[in-house]
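> Protein chains in written order, with the working numbering: chain A, 1 to 391; chain B, 1001 to 1165; chain C, 2001 to 2372.
Derived by calculation from the structure, the hints in this document are not laboratory data.
Using N, Cα and C, we set each Cβ at its ideal position, and we do this for glycine too.
Hints should not be assumed to be uniformly reliable.
Claimed, not checked - Residues from chain B that face chain A, not an exhaustive set, calculated with beta carbons under 10 Å:
#1 Glu1007
#2 Lys1023
#3 Tyr1026
#4 Pro1050
#5 Arg1051
#6 Arg1060
#7 Glu1064
#8 Thr1084
#9 Ile1090
#10 Ser1091
#11 Thr1093
#12 Thr1105
#13 His1123
#14 Tyr1129
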Amino acid sequence: MKTNLKFRRVAAIGAGMTPFRRRMLETPQELAWEASRKALDEAGLELRDIDCVVIGSAPDAFDGVHMKGEYLAHGAGGVMKPASRVYVGGATGVMTAISGWYHVASGMCKKVLAVAEEKMSPGRPHPQAVFRYIWDPITEKPLNPNLIWIFAMEMHRYMFVNKISKEEIALVSVKNKRNAANNPYAQLGGEITVDDVLRSEVLVWPVQLLDVSPVSDGAAAMVFVDGDIARRYTDTPIWVEGVGWTLDNTSWPNRELAYPRYLENAARMAYRMAGIERPQREIDVVEPYDPFDYKELHHLEGLMLARKGEAPLLLKEGFFDRDGDIPSSPSGGLLGVGNPIAAAGLMKVISIYWQLKGTAGKMQVKRPVHTGVAQAWGDLMQASTVIVMRN
Amino acid sequence: MVHPLKEEELKEHFTVTYRPQAKYSYTAGQALSTFLRGLREGKILGRKCPRCGRVYVPPRLYCEDCFYPTSQWVEVKDEGIVMTAVASFISWTRDRLEEPEIVGTIRLFPSSPRDYVYPGLFHRICCSYDDVKSMRIMGKTVRARWKPVEKREGSIEDIECFEVV
Amino acid sequence: MENVGIVGIGWYGFSTNVHDLSFREMMFEAAQRAFYDAGGMNPREQIDAFISCQEDFWEGISISDEFAPDPVGGSMRPTMTVAGDGLQGLAHGFMLINSGVADVVVVESHAKPSDILTFPEIVELAMDPVYVREAKIPNYHFIAGLDATKFMHRTGVTREDLAEVVIKNRASGLKTGRAPHASMLSKEDVLSQEMIVYPLTRVDVARPVDGAIVVVLASETFARKFNDTPIWITGIGFSTDNSNLELAKLGDAFYLRKASELAFGMAKLESPLKVNGMFVDDRYSYKELQHVEALGVNNVAEKLREGYFHEGSYLPVNPKGGHLAKGYPLEASGLSLVLDAVEYMREGVSSAVVASWRGIPTFTGGVAVLQR
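Build the full structure now, drawing on both the sequences and the hints.
Here is the structure:
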């Protein structure tokens, strides 16, 4: 991998998203339009100013449309423009931003609209059914698995190896839902307690209902522009300074699940690009991917913001609270805001963008922030994408 | 502005129902075909990479680490260590199950606890919910319970489950 | 922007049913050949990023990206999927190299339509769920029929001209080792075929084919490390016209007009007539002419009748047979045309244009300018 790159500087100058809710009346195209329009408005641009469009969307089966990138090109402003869709499972959201970055950094486009959309609720009998087809069709699908199995297996392994209790993990849910209460886009903000989590319905032990993010519809969009022209549009551009992504092998039953080595790889790539040598000292705010509560801890360790197995300890001490040393998921994360897969990943990037710009409103963390990291995760416990931004 | 609906409000709006007709017959390929034939005979077969010595179960024709064709069939034991186990109370359509279904991943022998990657399978584990909840099952040695020979059909289902030795 | 070199290319399959290998094994076979072609490179050490082009419903696997890394040597490396045509993947590889994040990128795409039991239904699933699918039209070729009649009306292309394209391409395929649908046909053979949708007969329509293609791209600094004679991508572009059938402009390939504008501008190519060959998507016979026209060639009907597009003439179009002879490997179709172009250029010519299309019901295409 190249280091010490002479990149074109790339800035984020606008972001918009729809509220995340279950059962939206709007079609996927309309959701994408809503988010795109808001992002363009914030950037002060019109669609005709945009050179390229990047679309992010996870399994086609959710919206029930084959070639979903083509379908979404309409609402996302991709008509008569270079429009393409990137895809790395659950990690797609952050990959959409990364792709927006390299569209500009390569010199191919000056202004890029990156749009992520997902409409999960129309799936029948239940959106869960879609996940039956993500497994290996020959060696795994005959056992009729569902998505939560995957998470539960990883969570149990993580708990077993690092001797972590359910109570410690439930604190993530409590923190994120509390943070989400300040987020106007959130689906499930509120005050809950550790006991509420532990008493909720057992889905797949050790995963319980309140350990899980909900089924949601939603869209998010961002505008990235060439660094040379960014200040024409805003006084406070947010710079994309590091990107990284890694896919581990497909055969997840054949590897250790307690630690996400692929995330460490992706994080190292992004940190090296951004010149970060001591992540825990240099990063001010982080949005790790948290579709399940233990995932946030898992990812904080993979991002090297906590030593292996020590994230729960730091969480308990308040290190990752909104007024802590490194606020984690100040937006409320997927657990609080909702999880329309690709859109949720881009929401994470947008949250960091708001924090760095100082426009996060009630979500704004207490300490001054200059470096933020957003991360997403997907596929069969194998993909991670990381983006580092600075103001 | 977007409009979230409640479950009952869905009836007040037009909805278009479409049932995708998506049917496939997946080609198992060289490696998995032999693996499935092996299961019918009660054997778990893997492929060994001649460069790094890693054994792939389920088998692959290539080593992903060395990017080199695997060259040799090896039989691994139908015995191994439970790496992780979970108890599912929901089906794949998210209906409630009365009796939990217990599944997990098994690191098959020969392999060592220090291996980051190892020959392994994802399968059902025959044990109680309590064994899972208390984590007693984790790290236990288990062995495959095979279906009777006449009922095997060359599928991962030829193993009924893994049970504690 | 710097040029990006194609330093290695490999393929496997191009058979109507590769029954003995899974798609992953086909990817591995193609990848091995590509790395051998790139001077026997070691993909685990010498490649910076991997791109796979695939769509979930073609694979029958939700999140098919899961299966992308291992067979091409991309596990634990930056690997991603572009859910689009192989040429769009090539454009993303081009951007990765130009952004400075990678020097060597692998672009992979594969297709296994023989695994799909309900092919027409999957195509229908790509249409708008609210009204187009509801129309319950029995044959997805109807969109091509609408497009073709409008195109023929506008340009004066006749059924005989379409037959000529079919004969030219299917015969050209006989020279290559990967054209299951190549054959010698006479004009009467073609014109006497039963119509599927007017004006298209069974032989006017290309069929899907199993195949896997892997391309190795390298920056200017690195290309000659792997290959003495890299084929340079000097311009690349792609575009989507419209995603809604009722709003799209039928009868003209506007997506290619836009894409070629970008690609030609980047390559500083003044006229498409200055290249030595064109490799355009010919999933339907009329599409070849429509795409050639969209690349900026006027009077395509006349030029075809004069033999302008035949091999050995001024501007050979699909001299390796195109999709009519080879079949179209779904998302690998664009790379199949690139493969043809690279083989053609390795025979000695100095430039070519590749123009791809994503097929019914999309209005998306890409253009690449290749030079030596």
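> Against this structure, judge whether each hint is valid.
Evaluation of the provided hints:
1. Glu1007: This hint holds: Glu1007 of chain B lies near chain A, its Cβ roughly 7 Å from the closest one there, short of 10 Å.
2. Lys1023: violated (12 Å)
3. Tyr1026: holds (5 Å)
4. Pro1050: Violated: closest Cβ of chain A sits about 18 Å from Pro1050 of chain B, beyond 10 Å.
5. Arg1051: violated (16 Å)
6. Arg1060: It holds, given that the least Cβ distance between Arg1060 of chain B and chain A is near 8 Å, below 10 Å.
7. Glu1064: With a closest approach of 5 Å, the Glu1064 of chain B hint holds.
8. Thr1084: holds (4 Å)
9. Ile1090: holds (5 Å)
10. Ser1091: holds (7 Å)
11. Thr1093: holds (5 Å)
12. Thr1105: Hint on Thr1105 of chain B: holds, closest Cβ of chain A at ~4 Å, below 10 Å.
13. His1123: holds (7 Å)
14. Tyr1129: holds (7 Å)
The structure is inconsistent with the numbered hints 2, 4, 5, although it conforms to all the rest.
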